[in-house]
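Turn these sequences into a full structure, and let the hints guide you.
The primary structure of each chain is shown beneath.
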Amino acid sequence: MTVLGTVLLILVLAASLTGAIVWAAAARAEAVRVAGPSTTGAGRGRQLAKVGQWMTGLALAAAVAAVALVEVALVSHDTRLNFVAMVSGPELPVYYRITALWSALEGSLLLWLLVLAVVSALAVRDAADTSQRSRGVVGSVLSLTTVAFAIVALMASPFTVDDGAVSARPSPLLQDHVAMGVHPPLLYAGFLGLAVPYAVALGGLVTRQMDAAWAARLRRWTLVSWILLTAGIVLGAWWSYAVLGWGGYWAWDPVENASLLPWLTATAVLHTVAPRARVGAWRLWAAGLAGASFVLVLLATFLTRSGFVESIHAFTTSPLGPALLVIVVAALVPWAVLVHRRRRELGDTSTPSLVSRSTALRVNRTLLVLVTLVVLVGTTLPSILLATTGERLSVGPPWYHRTLAPLALLLLVMMVLGPWLPVRTGTWRSTARRMRLPALAGLTCLGAVALIFSEVWLAVSAGLAAFAVASLAMVASDRRRRDRLAVGAWVAHTGIAVAAVAVLGGGLGTVTQESVPVGGTVTAGETTVTVIGLDGRDEGRRSVAAAQVALGQGQEFVTVVEPELRWYETERTMLAGPQIRSELLRDVYVTLLDVDEESGLVTLRLAVNPLVSWLWTSAGIMILGAAIAGWPRSRRAAPARPSPRSDPAPVGQRA
Amino acid sequence: MRRVLAWSVAVAIGIFAILGLWSAATDSGPVSAEDTAREVSQSLRCPTCAGESIADSSALLSDAMRRTVEQQVRQGRSAHEIQAWFAERYGDEVLLAPPHTGYGWLLWAAPVALVGAAVVVLLVRGGPANRRRWTGLLALAATTLVGVWLLVPRAGAPVPQGMQQEGAGPVDTLPILRDAVDHAPGNAGLRLAFAGALEEAGKDAEAVKAYAAATRLRPLDPDTRYRHAFALVRSGEPRAAREVLEESLRVRQDHAPSLLLLGALVHGEDPDRASALLQQFVQLAPEHPAADQVTAFLEGGLGQMPAEVLP
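Residue numbers (full-length UniProt numbering), protein chains in the order written: chain E, 1 to 655; chain U, 1 to 311.
Incorrect hints may appear among the rest.
[Unchecked claim] Selected chain U positions facing chain E (Cβ under 7 Å, derived; list incomplete): (1) Ala25; (2) Asp27; (3) Ala193.
[To be verified] Distance ranges between label pairs, derived from CB positions: (4) U:Thr26 x E:Arg341: 51 to 61 Å; (5) E:Gly525 x U:Ala84: 53 to 63 Å; (6) E:Gly525 x U:Gly76: 20 to 30 Å.
What the hints contain is simulated information worked out from the structure, not anything from laboratory work. The beta-carbon is built from N, C-alpha and C at its ideal position, and this holds for glycine as well.
Structure (C-alpha cells):
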C-alpha cells in the first residue's frame, strides 16, 4: 500500500511536470505561428495541447486514486499506515473516518492536491475556446502548481508505514461535528479555484490578450471561488460559534485572517472585471488582484502549516515550512515582475469625473487593498517581530476594530452609493435626485435605530442597510433598470449591509459566568437559566456530563435546554457542547463549563447574543447576489463577441 | 405645492436622523462595573490559550484574571491602569491591542502609513487636474476616518464611583420553574428543583406536593423519597413521612439518611426498632456528621434523641 500510494503521488508529479512542459511548448508553438506565417505551427500547437490535456487528466486520475487509497485505509481502519493509526480509531463512526483524511497535515495536503488537480482539469477544458497561447500558459501555470504540491504531498506523505511512533492524535473537535465534512473541502475548493484566475492573469500578462473574453473568464472563476470561499468562511465561523462554546464566531486568529485575505482581493477582482466595472486601468488591476489572491492563498497554506504563526487552527509544526515558503515566493515573483513590466502599457492616466462610477470603483479597489494590507500586517507582523527581535506582542480584536473600522465604514458607504453613480460623468444634483428615495429610507431607519438603541454605529449601519434594501426594491421593480447584474449587485450589497448590522448589533450582547448549585440561577439581563438537574452518560468514545437548565425570560418560562461537557478519554480532551436557542432577534447561548462533583456546583456561561442568525442569513444573501449577478447567460441569447484589444471598456447600458 | 411638501418631508427626515444620531452620541448611559470589566477583559489575552481573550476563555488562569480585573474596576482604576498592571506582570504580550511604545508602535504606525501611501499614490497620479478632483474627496474621507477613529469606543475612562450598578438582586425563579413544571410535568429533576425553590421560599405545603410528584415519577429513587419525607417532617406530617420512608427501605435497605430519619421518627413509639435502624445507620455511614452523636445516643441507653439528628 505504501509503495502503491507513493507511486501514485510520483505519477501525479511526473504527469504534471510533463504537462507543464507540453503546455508551455503548445503556447510557444502558437507564438511562433503568430510571429511568422507557418501552417505547421498551428497543427503542432493543437497536438501539443491535446497531449497537455491528457497529462492534466492523468495527474487528476492519479490524485483521485491516491485519495481513494487513503480513504479505503481509513474506512477499513488499516493501521499499517502510520497516518491511519494516527487520525482514526476503531470506535470512530464511518463519517468521521472519511473526514479524518483532512484532520491532520498529511491527509489535508493530499486533499489539497486532489482539489488542485480537479480545478486544473476543469480550467484547461474551460480554456478550450481561447487562443492556444493563452490556454498553454494557463495549463502550464496550473501544472507547475500541481507539481509543487505533489512534491509537498510526497514530503509529508500519508503513505508512510506504521513505525509505532504515533504522534499526537488530532483534536476530537475534528471528529465531533458534521460541519467537519463540509467546511474544509469548501474552503479548499474556494482557495484553489483562485489558482485559475492567477493562471489566467499570468496568461493575459504574457500574451497581452486581455480582452472581454479574458475578463469574463477571470470573472467566472473568481466568482465561483468567491462563492465557495464565502460559504467556507461563514461555515467555519458558524462552526466556531456552535461548537467551541466561547460564544463568538470570529477571533481575528491568524489562520482565520489568512482565509479572509484572498476573499478580500477576490472581492476586489469581481469589482474590476464585471462588465460595468471595467474602468480606468482595469486590466492592470484585474491581473494584479487576481494574481495577488492566489499568492495570498499560498501564503495562507504557509501560515497554517509551518508553525510560523500561533493559532488554534494551525497544524502541528512541520518541516514543510521552507518548502511552502518557496512556493509562495515562486508564485509571487513572476506575478510581480509581469505586473511591474506591463504597468505603463496597461496604466491609465485619464481623469474621470469625481461623481462617477469610475471614481467610486477606484476608491473601492483602493479601500479593499488597504483592508487586505492592514489585515496582512496584523497577521504577520507580530510573528516577524518575534522572529527578528524576540519581542512578543499580541494583535487581537481591539487592534483590528480600531484599525479597520474607519476603512470598513468608508467601504460600506461606497458600496451603497457606488451603484447609483453614473458610469462616466455626472453631477451631484442629478445623482442625488436619482437616489433620493433610498436616501430618505436610509435616513429614517438611521434616526429610528439611533433613538431606540442609542448606538451610533449600529444606527449608521442600519441606515446603510435600509438604503441598500430600498435600492434593491427600486431597481428590481423598475422594468428599465432591472437586469441580472444590477439586481445581483444590490442583493449582494444588501447582504454585506445586513452583515454589518449583525456584527455591530452582536456587540450589544450580555454575558454572565457563574457557579451555582442545582436549583441556582444565572442571570444575563432579563434572561435567566436555572439548573434543574445533572445527568451523565457514557457513549464509548466519550463520556458526557449534561446539565438540564430551565431557560426563562423575565418571569416567563421558555424551555428546558441541556448543555453538555464531553470528555474524550483517549485524547484526554474536554469539549463543550453549548446549547443555542436561536430567535429572530437574538441567540441565547448556554455553555456548561464545569461540574464540580464535590461541592455540587455547576459553572454555566449564559450569553445573549443579538442578531447572530442575521449574520448567517446575510451570508446566504451575499451568495445569492453573487449567483444572480454571475449566472451565465444562455449562449444563444448572447453570442460571445471577443472584442479586439483596443476596444474601450464595455460600458453599461445605464449611463 | 407637492414640491414643497416633498421637500418638507425630506428636511424633516434629515432633522430626525441628525437628532437621533445626536442623542445616541451624547447618551453615555450608566456604565456598569460589569460592562467595564468585560471590556477590559476583552483586551487582555489569556496567557495559556491560543489567542483567546480572558473574557472568552474558560481556562483557570483566565478566571482568576477576570476576577482581578473586576476587583480593580470596582476600586475605580481606569482601563489603562488595569492593562498596564497586567502588562507589567505578564509582559506586553498580554495586551491584545499592542502598546503604543517600542515595537508595538510599529503595529499602530503601519496602517496609518499604508493609508497615507494610498493617498499619496492617488494624488500623484494623473497631474494637477486629477489632484484637484481628488483633494475634495480625500478631505471628506479623512474627516470621516478621523471621526470614526475618535468615536470608536475606547475602554479608557475609569468608572465613576457611585455610578456603578450593582448586579440585580437574586431573581425569583419560582414562576419560571412553575411554568417549566407545567411544560414538562414528567421531568423529575425539574420537580425536585421546583420543590427546593418552594422550600427556600418557605412554602412548605407546596413543596411537599412537589416532592410527592417527584416521588411518583421516581418511585424507586431513595434520595427523592428521602427529600420528600424530610419535607413532610418539616411541614408537620411525621406520619406521612414514615410511610414514605418505610416504602423506601422496602426497596433499598442500605440508604443511610433514610435509616437515620426513620429511626428518629419511630423512636418515640418503638425504641427497639429505632435502635436497630440507627445501629444499621452507624454501620453504613460511620463518617456521617451525625454518626458520633447517634453512637453516643445508642450507648447512652436511648434517652433523649439529640435535636441535631432530627431535621
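Each hint, compared with the structure:
| no. | hint | verdict |
| --- | --- | --- |
| 1 | Ala25 | 5 Å, holds |
| 2 | Asp27 | 4 Å, holds |
| 3 | Ala193 | 4 Å, holds |
| 4 | U:Thr26 x E:Arg341: 51 to 61 Å | 56 Å, holds |
| 5 | E:Gly525 x U:Ala84: 53 to 63 Å | 31 Å, violated |
| 6 | E:Gly525 x U:Gly76: 20 to 30 Å | 25 Å, holds |
The structure fails to meet hint 5 from the earlier list, while all remaining hints are met.
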